[in-house]
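Visitor: Modelling step: build the complete structure from the supplied sequences, incorporating the hints.
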Amino acid sequence: MDLHLLAAEPIAEERDAIDRFLGSAAGGWTGGERTSTDHHTASGGHEARDQRYLLLPALRALQARIGWISEGGLNYICERLTIPPADAYGVATFYALLSTTPRPPRVVHVCDDIACRTRGADRLCDELEKSAGQDGWLRSPCLGLCDQAPAAFLTEAGPEPVELLFGGATAASITSVLKGDYAPAKQPHPVLPQKGSQELRLLRRIGVVDPSSFDDYRAHDGYEALAKAALLGPDGVRKEITDARLAGRGGAAFPTGRKWDAVSLQPERERYVIANADESEPGTFKDRVLMEGDPFALVEAMTIAGYATGAERGFIYLRGEYPLARERLQHAIDEARRNGVLGESVHGLGVRFDIELRVGAGAYICGEETAIFNSIEGYRGEPRNKPPFPVEAGLFGKPTVVNNVETLINVLEVLHLGGARYAETGSGISTGPRLFCLSGSVQRPGVYEVAHGTSLRDLIALAGGVAGGRELRAVLLGGAAGGFIRPDEIDMPLTFEATRAAGSTLGSGVVMLFDDQVNLVDILRRIAAFFRDESCGQCVPCRVGTVRQEEALHRILAGKPIGGVATERALLEEIGLAMKDASICGLGQTAYGAVETAMKRLGLFEEASAS
Amino acid sequence: MTALIPIEPLRKSVEISVDSRPVSVPEGSTILDACRRADIEVPTLCYLDTLHPVNVCRVCVVEVEGSRVLVPSCSRKVEPGMVVKTDSERVRHSRKMVLEFLASSVDLSTTPEVAEWLADYAADPERYGPPAPPSAAGERDSHGPGHHHAVEPGFRATVAQPVKLDNDLYIRDYGKCILCYKCVEACGKDAQNTFALTVAGRGFDARISTEFAVLLPDSACVYCGNCIGECPTGAWMFKTEFDRRAAGTWDESAQEVTTTICPYCGVGCSLELHVQDNEIVKVTSPLDHSITSGHLCIKGRFGWKFVQNRGPVRQSEGVDRG
Ligand SMILES: Cc1cc2nc3c(=O)[nH]c(=O)nc-3n(C[C@H](O)[C@H](O)[C@H](O)COP(=O)(O)O)c2cc1C
Ligand code: SF4
Ligand code: SF4
Ligand code: SF4
Ligand code: FES
Ligand code: FES
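Just so you know, the sequences run in chain order A and B. Per my numbering, residue 1 is the first one in the first sequence, and the count goes up by one each step. Per my numbering, residue 1001 is the first one in the second sequence, and the count goes up by one each step.
In short, the hints are calculated from the structure, not lab data. Note that the structure is predicted; figures quoted are calculated from it, not measured. Each residue gets a CB set at the ideal place from its N, CA and C atoms; glycine is no exception. Check the hints yourself; a few may be wrong.
To spell it out: a stretch of chain B is covered by chain A in this simulated footprint if at least three of its residues, at any positions, have a beta carbon under 8 Å from a beta carbon of chain A; those stretches are [unchecked claim]:
| id | stretch |
| --- | --- |
| 1 | 1067-1075 |
| 2 | 1101-1113 |
| 3 | 1125-1134 |
| 4 | 1160-1169 |
| 5 | 1213-1222 |
| 6 | 1273-1281 |
Guide: Written as C-alpha cells, this is what we have:
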C-alpha cells in the first residue's frame, strides 16, 4: 500500500498534540524531519501496521487539544501510524465526541435522554436555545448520570484539556459553564443511598474507602481474593466461578464460568481479558459508581480473570464521558503496578498480567463485545459477525474474555465466599447480589444493591417510591434495549428467569420509573431516536429500520398517521420483527423492545386507534 | 528415497437439510453454496464470490433450527445436521422488509434483479409516505455521528442526492448506494490495496467517502475501476454508460461482448469489451478468471480510447510529404 496523503499540513499545535502522545517521529518516513539515513532505509510492513491500534487514542488526543480533527491533523496521524487517510476518516466520523468539522474549544454535551427528560431536560434545552442560541452545546444521549438528572458533560480543548461530567444541570448553570465559570460543574457526585448498610457486598467500599489509596483498599479486604486465587490455581478459580453460577451482568446473562473455560481451553496462548466499561445503555450508571468509588476492585478482579484464563494482557474499555472514572482507574492501575500486583510478575501469582485503559469517544455500539475489538484495534466500531465467537477469535483475532464491570466485581465476592456459598443467594442462574440503577420519577434515584429475587415492588420502596408520591404509570426495565412493564406487574421477582418468563428482561439493571405526568409517546420517540443515532449503519434492517420506526412514531406524535393509528401500529410491528430477526447485533435486535412493550403491555396508541 | 507428494486433504462432505431436502456439500461451504447446489434461489446483494463476505444487506437470511435469529446464508458455514428453511414466514417477512427498506430509501433503478424480488416478496416501499426532498450536494457528507436529521413528519428519509461528477472516467451516484461495502473491499484489502474509500459516518448517515469527502482526483484513487466492477447498483458507473443513459442511448440488448487479452503488460488480464454502436462503452473482466478475479488496472479498464480514435490518421514523419 502506498500512503497517499492530502496536501494539508498540520499546524504546530496539532503536531505537538500527536507527538506528545506518540513520542517524536523517528524520521522522515513517519512524518518527522528527514534524516540522512532515511534515504537508505524503507519503512512500512508489519511494524508500521501494528500501530493501527493507536488510532483512536491519537484522534482523541487531537480532539482534546484542538477541539476538532482537521485535514492536516488527520494527515499527520496517518503519516505517523501508516494508515490510509480515508480509513482514518471513516474511524473519526464514527464517534460523536470527535468532530471532523470545526467546533469551538469549549462544548457542553447536554443530555436530553429519557431519564433526564423526566426531570425537565427537554425544557432545559428549549431554554438554552433561547438564551445561548445553538452555539457551544450539543444534545447528547444518556451520559450515565441519570441519578443526578439533568446531566451534562463539558469538554474544553487545549494544552490542559478539561472534561467534567456534572448533574443537576440548569439552563443557568450551563450558560455560566459556557462562559468559562466551571464552579457549577465541579459538584462532587453524591454518595450511595444505601451507604453504610451492613448488607452491601459489591458496593461496600463505595464512599467508605479512599479510591486513590492502595493501602486503604488493602485495609478493606483488598487483594484478599487474589490471595485466594493463588491458592486455588487457575482451574480452581474457574471451578468456583462455575459453582457460583455467576451470570454476566452486561445484559445477555451468559454464564461467566463457561466463557472463562472456553478461553482457557483454546490452543492459542495469546489471550486477552476485556472489562466492558462502555456503559452507554440509557438509564445505566452502576459501573460508573463502581469504578469511581472502588477502582482497585476492578483491577484486582481483572487480574484474577487473566490468571484464571491464561491471559497476560487486559483492556478496560471505558466510555469517553466518564472522566472521573478514567482518572481513578489510571491511578489504580499505576498504583497496582507500583505495588507489584500488576505487571511483569504479579505478586503472589507469579504470572505476567498488565492492564491498558482504553477510552471510547461517544458510541453506544462500542459496548457490543465484538465492536469493542474493532474499536480497540483502530477500526470503525462495527460489530463483527458471529461465529467465530470472542472466546475463539476476539481482540486481534485471539481468544478473549469480555466481561461487564459488575460481573468482574462479583468475581471477588465469589472467591470471598466460595462458589457454593455464593450460589446460596438466589436460584437458577440468578445467584448472588445484583445492582440496579433507579432513575426517572423515583424519590431517591441511585444505585441499589439487592439480592437476586427481591421483588421490584420492594426495590422501588427501598428507593422511596414514586417521586412526590405521584401515580406510577410504567417502569422501563433493562434500559432502552429492555422493555416497559405496568404498575400491576411490579410484584415480579428480579431474577433473569422470572423477568424472562414475563417477557421482560433485567438487561443492564435499569429500573426507570415514569409517573402519570410523563408523556410516554415522547419518551418512546426519544428511545427510537437513540437507536437511530447509535446504529452503526452496517446492516439494512437496523440502519433503515430504526429510521422507519422513528418516522412512524413521529407521524403518530404529530397527528399525521398514514392510514390511521392502527395501520401505523401494524407497520411498527412489521418493522420491529425484521429488526429483531435479521439484524447483525443486539442493537438492531432490541431496538423494537421498548416500542413493542409500550404498545402491547401499556396499551399505547390503543385509545387513539379505537377512535 | 521417496519423495513426499503433498496431497490436498480431501474435504469431507457435510449433510444438511434445506427446505426438507437432504443436501450434501463439502465442509467449509456456506449455506448459500448448499442452497445453490439444491437449486434453491436465494437473493443476494452484498455477497460476491471474490470478496470477503461482509453479510450486511441481510437479504439472503434463512432460518436455521435452534438459532434465535435468522442467519445470513452467504457467510454462515454449514454444520452437520443443520436444518435450514429458506421459505418460511419469518424468512419471507425479513426479506420483504429488507427490500422495502432499501427500495424506500435508495434508487434501485439500475440494480439488476431487484425489481423481480420486490414483486416476489410483495414489498411496498410506498407505504412509508412520500420521499423527503433530496439532500443538496455535499450535505450528507457533512452529517456528524449521533445527531440525525429528522425529515418532516409524513415524509420518508432517503439517500437521494446529486451525482458526483469529478473526473472523465466514471461517476459516483450515491443516491443509488445500498452500502454493500463491495467498493471499499475492492479498493482496499480484498483487491486493489489502495484504500481510497471508506464508510464514513454512522447509522443512516453512513456513506461511502474519500477522506474528508475530497474529490476523487485529490484522493488516493488510481482509477483502476475495480469499485465499478463490483458495484451491484450502478452507484459507481462508467462515464460512457452514464452519459448514454442520460441521453437515452444506453441499450444493453444492442451490446456485444468481446473477450480479449489486455495488450499493455505481461500479466495478461482477460478483458470483456462491451461494444454498442461500434463503440466500446465499458470494460469488465470475468469474476472467475484465474488471473484477475474480475479486477483490472487503469490501463485495461480505461485505456482503450485509441482503439476507437476515428480522427484522421496523422501521417508520420517523412512519409508522403509531397
Ligand atoms: C449495542 C450493545 C451495547 C452494549 N453495551 C454494553 C456495555 O456498555 N457494557 C456491557 O457490559 N455490556 C454491553 N453489551 C453487552 C456485551 O455485548 C456483552 O454481552 C457483555 O459485555 C458481556 O459481559 P457479561 O457476560 O459479563 O455480561 C452491549 C451489547 C450491545 C448489543
Ligand atoms: S444491528 Fe445495527 S448496530 Fe448492529 S451491526 Fe446492524 S446496523 Fe450495526
Ligand atoms: S477506481 Fe480503484 S482506486 Fe479508485 S476508488 Fe475505485 S477501486 Fe479505489
Ligand atoms: S457504491 Fe456500490 S459497491 Fe459501493 S457500497 Fe454502494 S452499492 Fe456497494
Ligand atoms: S444521564 Fe440523562 S438519561 Fe442518563
Ligand atoms: S448477501 Fe448475505 S447478507 Fe448480503
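Visitor: So is the stretch 1160-1169 of chain B in contact with chain A by the C-beta rule, three or more residues under 8 Å, or is the coverage claim wrong?
Guide: As far as the stretch 1160-1169 of chain B goes, the hint is violated, because 0 residues have Cβ atoms under 8 Å from chain A.
Visitor: Confirm or reject the coverage of the stretch 1067-1075 of chain B by chain A under the rule of 3 or more residues with a beta carbon closer than 8 Å to the chain's beta carbons.
Guide: Coverage by chain A holds here, the residue count being 4 at a Cβ distance below 8 Å.
Visitor: Under 8 Å between beta-carbons, do enough residues of the stretch 1213-1222 of chain B, three at least, approach chain A for the coverage claim to hold?
Guide: Satisfied; 4 residues make the cut.
Visitor: Do three or more residues of the stretch 1101-1113 of chain B come closer than 8 Å to chain A, measuring C-beta to C-beta?
Guide: The restraint on the stretch 1101-1113 of chain B holds, since 4 of its residues have a Cβ under 8 Å from chain A and three suffice.
Visitor: Examine the stretch 1273-1281 of chain B for residues whose CB is less than 8 Å from any CB of chain A, and state whether their number is three or more.
Guide: violated (count 0)
Visitor: At a Cβ distance under 8 Å, does chain A reach at least three residues of the stretch 1125-1134 of chain B?
Guide: holds (count 3)
Violated hints, listed in ascending order, are 4 and 6; each of the other numbered hints is respected by the structure.
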